[in-house]
Amino acid sequence: MTLLVVDDLQTEFATRDGVLRAVQGVSFALARGQVLGLVGESGSGKSVTGFSILGLIDPPGRISGGSVKFDGQELVGQPENTLRRLRGKRIAMIFQDPMMTLNPVLSIETQMVETVLAHERVGRVVARERAIESLGRVGIAEPAARLPQYPHQFSGGMRQRVAIAIALLNRPDLVIADEPTTALDVTVQGQILYEMQKLVREAGSALIWITHDLAVIAGLADRVAVMYAGRIVEEGPVAAVLDAPRHPYTRGLLDSVPANNVAADGTQARRLRQIPGMTPSLLKLAPGCAFRERCDRADAACAQMPDLRAAGGRSVRCVHPLAEQIA
Amino acid sequence: MSVAGGSTAESASRPRDASAPDAAVLLEFDGVSKRFTRRLDFVERLAARLGADVRESTVHAVDRVSLAVREGEVVGLVGESGCGKSTLGRIGCGLYEPTDGVVRYRGQALQRAGRPAVQMIFQDPFASLNPRMRIRDIVGEAPQVHGLIDAAGVDAYVADLLQRVGLDPSYARRYPHQFSGGQRARIGIARALAVKPEFLICDEAVAALDVSIQAQVLNLFMDLREQLGLTYLFISHDLGVVRHLSHRVVVMYLGRVVETAPTRELFAAPAHPYAQALLAEVPRLDRKRRTYVPIRGEIPSPLNPPSGCHFHPRCPHAMARCSVEVPVLCCGRLRGGGGRRVI
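In order, the protein sequences belong to chains A and B. Going by our numbering, the first sequence opens with residue 1, and the numbers climb by one from there. Going by our numbering, the second sequence opens with residue 1001, and the numbers climb by one from there.
Just chain B, with the same shape it has in the complex (with noise of 0.2 Å):
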């Protein structure tokens, strides 16, 4: 595998800095909304039409996020399952229309034409990659359609590609199916970083692999950092994972952003509920024979959700204003943090 060479020197004065507020905005969310709307069948709007009580449901997958990621940055966008976090990366790098609100590439609004700027790397290395393509054609066919390589450098150009993610180049003749889960992440890496992105989303790149392997592809990305100057939107419910990579953690919950705040001040106090309930839950080696204490509840549906603060029902510190107000994500400093507080 290539490693970079990381001096120590460097490697102790980590670029926790890069979210300083002098480098330029990339990425930026401007109120997005994103709804999912299951239209009614024929049958449906019969019986609506003949007075049955039948609507749209609507699911409310990202409720106006805003968020900008700057320059250089890594942030970690943490939530659990339902909270509307890979939707978001989806809007990110194009993948979703919002239905409300703006996302903006380097103050323009995202272009959806030309050399792709933002990637994705996907979840599921077994799923996202094409079973019946060769890897010289995952990772060379989108360099091609964008015109940054022509047919006759392919070859040379993938085998740079998978060499740079620590892949053998006589691999490029083969199927997906002859890998395994960390070698099929590495490819996923390749060809997103084959357009010669800006910005990589990475939604739960390294979820579904062991420890072990984990390490090496977290290691990757960060090398991959340094070396092509990379910015980040790193989507994990693995807070240890995040908390590793970013330099910025934003907490979702039910698509909405409830705290943002630098890394190491969340994890030092977190200041919402949820995002201390959440940062409590986390098993770590260092708890022996804990005694668990569950958080009453579970995630409420998005299709229905709790009004005023979507936490309310399971909040400890929950009041009456709490079901009425939907409290607003201030930018006060709070405890050192950015958070938005649930009064």
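So here's chain A without its partners, still in its complex pose (with noise of 0.2 Å):
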């Protein structure tokens, strides 16, 4: 069953140097129990995409125009008393830094209890009961002695599980993750992934998670969204995609990676593939593919912006996309 559809989504900043077109017509859907992994490299608009579906966007941002509709409910333009009962409740969101998202002049269980109290009519004591329970269920030891601390008690990952616990708190429907373990160590990101994939199995909620980690995206979600210069360029199934990309943007990234640079005995590969220039400023946007300048397959059909064209399930947004069968 369809929880969320993104359509046409666009996000804008005006800054002094000129509009800067963030999002630029992302459209995507996600049921429950899915997971979508929204990919890409810093300033291709996957963070702000993740903060637009919850209307987190402040001036000089705004949503210049599109469709966010959860649960058949509409969310663009929505008055902030309705996405206030939304967020937190029904639709959660996990930022990367838990130092930031946690207030450090309050205990957990002060945060934690006043996210219940502002959903939902209970007393105290259930309240902290339900705290009790979501710390415990983040793999957090001695969740009761745990509970009166503060942050500055915890460690890196034991305050991003806190973050977790929070978002978690409500049984939210729709999980968005921004970056949660970009911070962590293997180890600790490990026991988050597992944390999640436990929340979505049992739960059935749905999750956006949002990461420039290919590997993790690989181990975790059921589709991928690549994103690039503020627009979709590829969606698919994750096996299909990460196997065999489309885009030639999407193979680029993956090539960087040192783990594909491994020749079948084992031995290293001198140099890695690298995509060559740099990410395009989104604020000189030339017209046509944001890619061309860094592709080698770019010709004068280039100049007029590729529609993303689905196909067998995905679908690419690439006048030339690769061969399906490129490994």
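Just to be clear, a hint being listed does not mean it is correct.
Some chain B residues judged to face chain A by a derived CB distance under 8 Å, without partners named [stated by the list, open to error]:
#1 Glu-1080
#2 Ser-1081
#3 His-1237
#4 Arg-1284
A few chain B residues that don't get close to chain A, going by computed Cβ distances all over 12 Å [unchecked claim]:
#5 Ala-1117
#6 Asp-1160
#7 His-1177
Among the chain B residues that face chain A by a calculated CB cut under 7 Å, a handful are [stated by the list, open to error]:
#8 Val-1059
#9 Ala-1208
#10 Val-1211
#11 Ser-1212
#12 Gln-1216
#13 Leu-1218
#14 Asn-1219
#15 Val-1241
#16 Leu-1279
#17 Glu-1281
Just so you know, the hints here were simulated from the structure itself, not pulled from any lab data. For every residue, glycine included, the Cβ atom is placed at its ideal position computed from N, Cα and C.
Join the two chains, each given in its own frame, into one complex according to the hints.
Below, the structure is given as structure tokens:
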């Protein structure tokens, strides 16, 4: 069942140097229990897409077009009050830096109990029990003892788990996670990915996982959408996209990963295959495909922005897509 | 970007044998420890005198590490945050004095005067460049101080260095904020190269960069090594990067080296349970929809490390002996790699 439909979403920021169009017509749909990986490099618009769904765009930014339908309800243009009732209740967000999202002067207990009481008319005792249960669920030992503690008494990985516990308090239908494990060590990251998988499996929540790390997506997501310069350039099932990318940018991104430069006999290629050039500035984006300056397949036809064309359960925004079979 | 030729024949036989025992040892850590102690403040001293139980707290950041890096070698140093890898790197280039042990460079005590042969490239390309200095001064200051060039030669020297790291020499008059993350990383490299070092310590030098930019900078590191005959100690938490660059990998856990082995052997068959767990946790592109099984627990606080083997509370093979004895790093060949085993 489709839970979230994002259609032609556009978000822009008015800057001194002109209008910066961070998200330029992003569309995707997400069903319950599904995990979508939103991948891209810095400035590709992946985080802004996540914020836009929750309406967390502050001036000078604004959502300038498109629609976000959550469980049939339109979210774009809704008053703040309506959105507040959804945020933290049915849609939760996990941010990259748990140091910034937890209030350093309030105990974990206060922060968690408040989150429950903001959405439900229950007593403090019940709210506290829910908090303990939620902390236990994300793998924090002795949750009752840790509850009265303050954020600084937790390590980075623990803090992120507290942030996740808060996000999961009200058993949300949709969780948007913005690079939640980027700052963490691999062993801690493994634990958090494990908790998230469990949540999706047990509670049937939908999950949008925003990251630049293709390897995490490979292990976690069902579908992946690759963003470049504010647009989705390729979308499809994880295995198909990562094993046989059709967009030259996805190909280039995968080729840049050191692990993909290992020969069959286990020796490492001396040089990594790299994408030439740099990500273009969104302020002076030439018309046409944004990747064509860095693409070896580009020609005159690329001067016009290609559409996101769907075929066989996946779609690609390219005039000269790579063949299906390329390994 | 200036790209080194790197003929295919040469690249096929990538000098994995650079770690051959006949190459001279450049940098050598001999039983190096570093402890950070927080001294008691006035009130605490007073309280202690009155009989309260307050003691100085000591962090064993690096605990009796011995490590030798040979000329031409690339050694990867991996471990999780707080394992002491950055501290070891800083000791290696003379930024910290070791509490115990000695650091030798070409057999002599690491000199702090004269031309610095060991240079460091720092993690954060934003924080490690002075925002009020122009690139020309950031890169050109040190060689002037060390008498490598005179004031008149700065512009030409800086232009040459910028070109070498793939930046347009006309950028020399700009300030750091006018550059992207990848460009700043290149500036950091140019600054390190300016004093003609033989040995570079790269502390998470590519961690802050996007994958496509990271690939460009890693290639630059490889090119420079070939052109200038550099030796690297490459500190990173990213095992994929370390695997790509290094001949030999050193795994640290809570201040101690737990395993060291040639790269291929370590990745093929890690011997230490921690190294095994670390390698197993690395997300990989070829493992779709995997089920994550977490290692229980987290890296313990170095303020109060577990007794015996530091890894024993998390280790699946732990037994009574592990919590008592500190295992020694044995040089014996264990499944081909010199490793330490927790028995």
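Consistency of the hints with the structure:
The interface hint given for Glu-1080 (chain B) is met, as the beta carbon of that residue sits about 4 Å from the closest beta carbon of chain A, less than 8 Å. Contact between Ser-1081 (chain B) and chain A, as hinted, is supported at the beta carbon level, the nearest pair being about 6 Å apart and thus within 8 Å. A least Cβ separation of about 6 Å between His-1237 (chain B) and chain A falls short of the 8 Å threshold, and the interface hint therefore holds. The restraint placing Arg-1284 (chain B) at the interface with chain A holds, with a minimum CB-CB distance near 5 Å, inside the 8 Å limit.
For Ala-1117 (chain B), the shortest C-beta to C-beta distance to chain A comes to about 25 Å, beyond the 12 Å cut-off, and the non-interface label holds. The beta carbon of Asp-1160 (chain B) sits about 23 Å from the closest Cβ of chain A, which is more than 12 Å, so the claim that it is off the interface holds. Here His-1177 (chain B) stays apart from chain A, with its beta-carbon at least about 15 Å from theirs, past the 12 Å limit. Using the Cβ-Cβ criterion of 7 Å, the hint placing Val-1059 (chain B) at the interface with chain A is not satisfied: the shortest such distance is roughly 14 Å.
At its closest, the beta carbon of Ala-1208 (chain B) sits 10 Å from a beta carbon of chain A; the interface hint therefore is violated under the 7 Å criterion. Checking Val-1211 (chain B) against chain A: minimum C-beta separation of about 5 Å stays under 7 Å; hint holds. Annotation: Ser-1212 (chain B) was flagged as interfacial toward chain A, and the flag holds, the nearest CB pair being 4 Å apart, inside 7 Å. A distance limit of 7 Å between C-beta atoms decides the matter here; for Gln-1216 (chain B) the minimum to chain A is near 5 Å, and the interface restraint holds.
Because the smallest distance between the Cβ of Leu-1218 (chain B) and any Cβ of chain A comes to about 6 Å, under 7 Å, the interface hint for this residue holds. With a cut of 7 Å, the hint placing Asn-1219 (chain B) at the interface with chain A holds, because the nearest CB-to-CB distance is about 5 Å. For Val-1241 (chain B), the suggested interface contact is upheld, since its CB lies about 6 Å from the closest CB of chain A, less than 7 Å. Look at Leu-1279 (chain B): its Cβ only gets to about 9 Å from chain A, farther than 7 Å, so that hint breaks.
A least Cβ separation of about 4 Å between Glu-1281 (chain B) and chain A falls short of the 7 Å threshold, and the interface hint therefore holds.
Hint check: violations occur at hints 8, 9 and 16; the rest are consistent with the structure.
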